[in-house]
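There are 4 protein chains.
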Amino acid sequence: MASVTKSMLDAYPKSINLDRAKLATVIDTLNACAQACTACADACLSEDDIAELAKCIRTDLDCADVCTTTARVLSRHTGYDANVTRSLLEACATTCRACGDECARHAERHEHCRICAEACRDCERACRDLLATIS
Amino acid sequence: MASVTKSMLDAYPKSINLDRAKLATVIDTLNACAQACTACADACLSEDDIAELAKCIRTDLDCADVCTTTARVLSRHTGYDANVTRSLLEACATTCRACGDECARHAERHEHCRICAEACRDCERACRDLLATIS
Amino acid sequence: MASVTKSMLDAYPKSINLDRAKLATVIDTLNACAQACTACADACLSEDDIAELAKCIRTDLDCADVCTTTARVLSRHTGYDANVTRSLLEACATTCRACGDECARHAERHEHCRICAEACRDCERACRDLLATIS
Amino acid sequence: MASVTKSMLDAYPKSINLDRAKLATVIDTLNACAQACTACADACLSEDDIAELAKCIRTDLDCADVCTTTARVLSRHTGYDANVTRSLLEACATTCRACGDECARHAERHEHCRICAEACRDCERACRDLLATIS
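Chains as they are written, first to last, in our numbering: chain A, 1 to 135; chain B, 1 to 135; chain C, 1 to 135; chain D, 1 to 135.
Don't read these hints as lab results, they were simulated from the structure. Mixed in with the good hints there might be a few duds.
Identical copies look the same in the list; a pair holds intra-copy or inter-copy alike.
[To be verified] SDA-like mimics (lysine to any residue), calculated; alpha carbons at most 20 Å apart, straight line: (1) K14 <-> A132; (2) K22 <-> A107; (3) K6 <-> D122; (4) K6 <-> R20; (5) K22 <-> A104; (6) K14 <-> I50; (7) K55 <-> T133; (8) K14 <-> R121; (9) K14 <-> A51.
These numbers were taken from a predicted model, which means no experiment stands behind them.
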């Protein structure tokens, strides 16, 4: 996956306003987080304590949607608009923070929540790192 | 469409932190904007002056993705998190503004850009109206 | 929503291989079904009998994703490929059938499941009607 | 990415009707293909011969949407329905075939089309391999 993202960035025919290596890492981290959240929501649905996990499922679903959309926007460079990128990265970092916090509450009980919390932490950090290079 | 969104909000079994009628309007406006942007991107692909429309196609694609994700997040009320909703509405308003501006540049030449610009303006306004009721 | 979909189809600059009025109806029905499924999944998360609704939540999530993607593909006419359209409409009808069946099992207990089951039935029918005009 | 997908599958609390290692490979291949298609569509928008690439952009967009949705459905195991999985894998293989064929036509001229064509071929094969284990 990492290689496809970076190879495609290298094949982009015009200039890109952000560092290509850093960008590839962020996009891959976003896609990994989206994947973890989609899987965590479903794993929660099959747990005996599903009633305790309702909020976790909801934040997983939000986080999967926001990360997928952010990865798509970051994969487009034609007609780049820093305002759109910046506001979306901020929303994504906020969503990853919320989801990471909620998953962390169940991390001791459920391995999928532990892995997902870590994916959310990584993703929040990646979004904030990239944000720091934009403004 | 409007009726399904409002009917489903009315059928939600617990309290909702936002006004249900206003929320239904915003969700429907977001979905309409996403639909307009997806269709506008494709219509641009079939225009003779496609080279002039590259940035328009790109912002259309971003806007469709961000509006769809925002509509989904606003359709979830379990474990509501005001920070997530607020940051996503801000990102969505910013994206709609950018897309509306770009589509407006081609509105005289292309009817689909004119309609899409209007959908983006409506959607930006709806997001900002809802934002004003949150913080 | 309906008017934006139809207006955008009318503004498409080249020929479209399917009937525009029928196509607009199918796209609107798909978007309404996606909206109902996203909302139903979240409403189920807030029900006291959530443990009984785990499969319903899962089919709702699948159906929302498949309907959204199908609506997007049907909204594109440039470089039309009947094989892609046909196979996706078949997958969408199958998914709507599965989700409608599962929601119907909870329709007496939960109004959101009743409404969602109806949206899935409408959507399955719309997909099959359009399929019949393609092959 | 690969490790997150497989780790989450291993953390799923109940049985899964498909081979977990194979499933992880297919999901990762789908996500890689979606990423390649999103990036290829945008790279095409920045090429001088954009007019020749209109159909390629369109199939890229379809393929990104269908692969993302298929990866999500395959990442859910609760309340598994073989009919839904099978019909979606068939639609996905058909879409990857169409996109791979179109990208291949531009592979000599554009490196991003060459890489994307390869990602589509891999993905079509992965979908058909998994399909063969279902029915």
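Against the structure, the hints:
1. K14 <-> A132: For K14 and A132, the Cα distance exceeds 20 Å both inside one copy (23 Å) and across copies (40 Å).
2. K22 <-> A107: neither (29 Å within a copy, 27 Å between copies)
3. K6 <-> D122: both (19 Å within a copy, 18 Å between copies)
4. K6 <-> R20: For K6 and R20, the Cα distance is within 20 Å only inside one copy (7 Å; across copies 27 Å).
5. K22 <-> A104: neither (27 Å within a copy, 29 Å between copies)
6. K14 <-> I50: Classified as between: cross-chain Cα gap 13 Å, same-chain 49 Å, threshold 20 Å.
7. K55 <-> T133: neither (33 Å within a copy, 23 Å between copies)
8. K14 <-> R121: neither (32 Å within a copy, 26 Å between copies)
9. K14 <-> A51: between (51 Å within a copy, 15 Å between copies)
Hints 1, 2, 5, 7, 8 from the earlier list are contradicted by this structure; the remaining hints agree with it.
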